[in-house]
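Top line first, the protein sequences correspond to chains U and S.
Numbering-wise (my numbering), the first sequence opens with residue 1 and increments by one.
Numbering-wise (my numbering), the second sequence opens with residue 1001 and increments by one.
These are computed hints drawn from the structure, not numbers from a lab.
Please read these numbers as outputs of a predicted model, since none were measured by experiment.
You may find that some hints are simply not true.
[Said to hold, decoys possible] With a Cα cut of at most 25 Å, we get these calculated SDA-like pairs of lysine to any residue:
1. U/Lys-58 to U/Ile-270
2. U/Lys-273 to U/Gly-81
3. U/Lys-332 to U/Glu-348
4. U/Lys-403 to S/Glu-1177
5. S/Lys-1157 to S/Gly-1212
6. U/Lys-180 to U/Lys-212
7. U/Lys-353 to S/Ser-1214
8. U/Lys-353 to S/Glu-1267
9. S/Lys-1166 to U/Gly-349
10. U/Lys-353 to S/Glu-1188
11. U/Lys-303 to U/Leu-259
12. U/Lys-353 to S/Arg-1123
13. U/Lys-16 to S/Glu-1188
14. U/Lys-353 to S/Asp-1176
15. S/Lys-1157 to U/Thr-370
16. S/Lys-1082 to S/Arg-1123
17. S/Lys-1157 to U/Ala-277
18. U/Lys-180 to U/Asp-127
[As the list claims (entries may be wrong)] If you want the footprint, here are the derived chain S segments under chain U, 3+ residues with CB under 8 Å:
19. 1017-1030
20. 1048-1060
21. 1111-1124
22. 1166-1179
Ideal Cβ placement from N, Cα and C applies to all residues, glycine included.
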Amino acid sequence: MTQTRAGSVTNFDSWKHAYAARASNLSVSEVRALFAVVSRPEVVSLAGGMPDVSALDKGLIEQAFNSMMATRGNYALQYGGGQGDLRLREQIQEIMELDGVHGSVEDIMITTGSQHALELLADLFLDAGDVVLVEAPSYVGAVGIFRHKEAHIEHVFTDDDGISPEALAEAADRMAEAGKKVKLLYLVPNFANPSGVTLTAERRQEVLKVCKERGILIIEDNPYGLLYFEEQPPKALRAFDSEGVVYLGSFSKILSPGLRVGYVLAPPAIREKLVLANESAILSPATFAQMLVSEYLSIADWKGQINTYRKLYQEKRDAALEALEQYLPRVKTTRPNGGFFLWLTLPEGLNSKEMLPLAVNELVAYTPGTAFYGDGRGANNIRVCFSHPTAANVKVGIQRLAKVVNLQLDLLDTFRAE
Amino acid sequence: MPLSVLVLAGGISHERDVSMKSGRRVADALADAGAQVEVREPDADLIGHLIATRPDVVWSTLHGAVGEDGTIQSLLELAGIKFVGSDGHAAKLAWNKPTAKTILHRHGVQTPESITLPRSTFRELNAESVLAMVGTQLGFPLIVKPAESGSAQGVTKVESAAGFAKAMIDAFVYCDEVLIEKFISGTELAVSIVDLGFGARALPPVEVEPEGGSFGYSERYTPGETNYYVPSRLSPGVIERAIDVALTAHNALRLRHLSRVDLIVDEAGTPWFLEANVTPGMTETSLFPQAITADGSELSESYLSIAEAAARG
Chain U
1 MTQTRAGSVT NFDSWKHAYA ARASNLSVSE VRALFAVVSR PEVVSLAGGM
51 PDVSALDKGL IEQAFNSMMA TRGNYALQYG GGQGDLRLRE QIQEIMELDG
101 VHGSVEDIMI TTGSQHALEL LADLFLDAGD VVLVEAPSYV GAVGIFRHKE
151 AHIEHVFTDD DGISPEALAE AADRMAEAGK KVKLLYLVPN FANPSGVTLT
201 AERRQEVLKV CKERGILIIE DNPYGLLYFE EQPPKALRAF DSEGVVYLGS
251 FSKILSPGLR VGYVLAPPAI REKLVLANES AILSPATFAQ MLVSEYLSIA
301 DWKGQINTYR KLYQEKRDAA LEALEQYLPR VKTTRPNGGF FLWLTLPEGL
351 NSKEMLPLAV NELVAYTPGT AFYGDGRGAN NIRVCFSHPT AANVKVGIQR
401 LAKVVNLQLD LLDTFRAE
Chain S
1001 MPLSVLVLAG GISHERDVSM KSGRRVADAL ADAGAQVEVR EPDADLIGHL
1051 IATRPDVVWS TLHGAVGEDG TIQSLLELAG IKFVGSDGHA AKLAWNKPTA
1101 KTILHRHGVQ TPESITLPRS TFRELNAESV LAMVGTQLGF PLIVKPAESG
1151 SAQGVTKVES AAGFAKAMID AFVYCDEVLI EKFISGTELA VSIVDLGFGA
1201 RALPPVEVEP EGGSFGYSER YTPGETNYYV PSRLSPGVIE RAIDVALTAH
1251 NALRLRHLSR VDLIVDEAGT PWFLEANVTP GMTETSLFPQ AITADGSELS
1301 ESYLSIAEAA ARG
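Put together the whole structure using the sequences plus the hints.
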């Protein structure tokens, strides 16, 4: 035996014994660490779903700030109510109308980005083991929240027309027959993150029907609906059902994510609980940010700004599709009519997570498809976000991505591995 | 005048995140000791900035290539700027694991039997037959690792022929040359060395016991996932042998100021050399700062002594 003495031991975490069981999946990951390179200017990041705020007129924000401080400065610097500023909620009514959604200011609550609304809803509805139905693939931030709540995440077949109502009914019934409680359907129906697909008008009605028949609450997350390129997407699901749908909106994509202002429109009973939960968690959403958004909406041509974004993102989408055709003709891609994302399907056998180190070498970043599944699928998928780099850099990024794919294909070919 | 230190951190490498953390820790400790510290990324303006400001000393915490392969060191030498750590030539030899193993082997140090193969070999000679031969001759389990990389990135323990090809691919995405090493079962030991110009001195070795069995990226950088024993639970005689091997490695590779030598001590008490690090990690869970603390020293004073030694040249 070589071990003879009791050494002094440390694991650098004195509270390891005290964490809740659900904290066990919060580990540092090698993949996450690789993303550190995206902050370098040499790297073209097709990874983070960030708007191009360089296209936002900063003078307008400055004007809004000055106006806010001059007229409501003391209010902006003070605590606010848990439900959020009334004037902003009235303005949100007008924005939601653009998606065909009518709702009372009483049923709107302001949140710290719509991610916060999702966290509150998950906390309100999900016990460990409860089922959340989601698209395949689904938004990584939602998958993360549901996983943290120890929910069962059931991905439902999704194609270019959005989630399949038949598959939705089948999954819900199968889960129920297995004795599980099917609580929620989480959807990004317009230009979905990560797939870019839009749920058709016909399917919206069918999805509403499937969920209503089974008592499943729909969370409709709509950050991208106003960022359409050619034609506006169909009316929101919430436009047809005020009791069965909770609607989430955000200023992150149509204005700025740095402000962290989102909102939720919920049936009164749910809204009541959400406000109490919001107050319990954070007392009130940031008054300062709410006031700034409200002033901006008052003084600026915000619809014109959205049009600016739409035109810009359309150019970038076109650049991305053109580059894919040129450099990666074997790769299948979605062709979104709005939003930020393309969803790529790589040749069989490629694993997008495993080739990330090569991407770092080639100065390009992307998000591996597995991030958008709670069940390990997505290995040969990539989410490409075209919204943030310039159109020219989108092309450069995809050219580099092509090199990465080809290097990895060569490795696989060499080792004849799957 | 306080010592002016420019800490380099970040860079474009697979270990950028670790480097940022290391750099900030070193900078904080040096500032606590009274040094005048600037933390900076290696970027397009770096050379001009160095020449214009000429700090007393540069402390590079750049992990991965450029930071550890001798590049940044050689540039600093050329610019006549003093820096913490090994010179460019020594760094290059230590960074390439197969080269370091060869040098240590020649100095009579045990190092696991291995073979290093470039990517091109597998294309030319048929990968299947090469792997079959290597597996038969070295025997499983094997450790497959990139010849040049850090933080256990791309490292796999291969238990049988079934996982061999996949492990090779996972290593080749980091580096075009892969080291395939016979697995030695035993205790992982890290020996940190400080060399202030009066001879290398080993700090108390740190014994590493990852809770999941392997000391991968997550186990290295997530507090709570690995137990570290200082002093090690190994017997004094074994520890002494391990220190001898580590000092031999530091001296044979002509390392300077600071290094960390990673060893495996087998059941018979024999230390096996795995690799030497010219830019050891300095994060909150890293082994080098643990060894300094175990030695009874303050990080701030120790880091300042190292920086002063480098400034003296």
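Hints, verified against the model:
With a C-alpha separation of about 37 Å, the suggested pairing of U/Lys-58 with U/Ile-270 is violated against the 25 Å cut-off. For the hint pairing U/Lys-273 with U/Gly-81, the CA-to-CA distance comes to about 14 Å; that is within 25 Å, so the pair holds. Among the hinted pairs, U/Lys-332 with U/Glu-348 is consistent with the structure: their alpha-carbon atoms are about 11 Å apart, no more than 25 Å. Proximity of U/Lys-403 to S/Glu-1177 is assessed by CA-CA distance (about 19 Å); at most 25 Å being required, the pair is judged to hold.
For a cut-off of 25 Å, the pair hint linking S/Lys-1157 to S/Gly-1212 stands: about 13 Å separates their Cα positions. A C-alpha spacing of about 18 Å is found between U/Lys-180 and U/Lys-212, which places the hinted pair at or below 25 Å, so the restraint holds. The straight-line distance between the Cα atoms of U/Lys-353 and S/Ser-1214 is roughly 21 Å, inside the 25 Å bound, and the hint therefore holds. Straight-line distance between C-alpha atoms of U/Lys-353 and S/Glu-1267 comes to about 37 Å, which puts the hinted pair past the 25 Å bound.
The hinted pair formed by S/Lys-1166 and U/Gly-349 meets the criterion: a straight-line CA distance of about 12 Å does not exceed 25 Å. For the hint linking U/Lys-353 to S/Glu-1188, the alpha-carbon distance of about 29 Å lies beyond 25 Å, and the restraint is violated. The suggested pairing of U/Lys-303 with U/Leu-259 holds, with an alpha-carbon distance near 18 Å, which does not exceed 25 Å. Between U/Lys-353 and S/Arg-1123 the alpha-carbon distance is near 24 Å, which keeps this suggested pair within the 25 Å criterion.
Taking the CA atoms of U/Lys-16 and S/Glu-1188, the gap is near 23 Å; set against the 25 Å cutoff, the hint holds. Of the supplied pair hints, the one linking U/Lys-353 and S/Asp-1176 holds, its CA atoms being roughly 19 Å apart against a limit of 25 Å. For the hint pairing S/Lys-1157 with U/Thr-370, the CA-to-CA distance comes to about 23 Å; that is within 25 Å, so the pair holds. This hinted pair does not check out: S/Lys-1082 and S/Arg-1123 have alpha carbons roughly 44 Å apart, beyond 25 Å.
For the hint pairing S/Lys-1157 with U/Ala-277, the CA-to-CA distance comes to about 47 Å; that exceeds 25 Å, so the pair is violated. Simply put, U/Lys-180 and U/Asp-127 have alpha-carbon atoms about 11 Å apart, close enough for the 25 Å limit, and the pair holds. For the stretch 1017-1030 of chain S, the proposed coverage by chain U is satisfied: 3 residues have a C-beta within less than 8 Å of a C-beta in that chain, meeting the threshold of three. Counting residues of the stretch 1048-1060 of chain S whose CB lies closer than 8 Å to any CB of chain U gives 0, so the stated coverage by that chain is violated, three being the minimum.
Judged by the Cβ-Cβ criterion of 8 Å, the stretch 1111-1124 of chain S is covered by chain U as claimed, because 3 of its residues qualify and three suffice. With 7 residues having a beta carbon nearer than 8 Å to a beta carbon of chain U, the stretch 1166-1179 of chain S meets the requirement of three or more and the stated coverage holds.
In terms of the numbered hints stated before, the structure departs from hints 1, 8, 10, 16, 17, 20, listed from lowest to highest.
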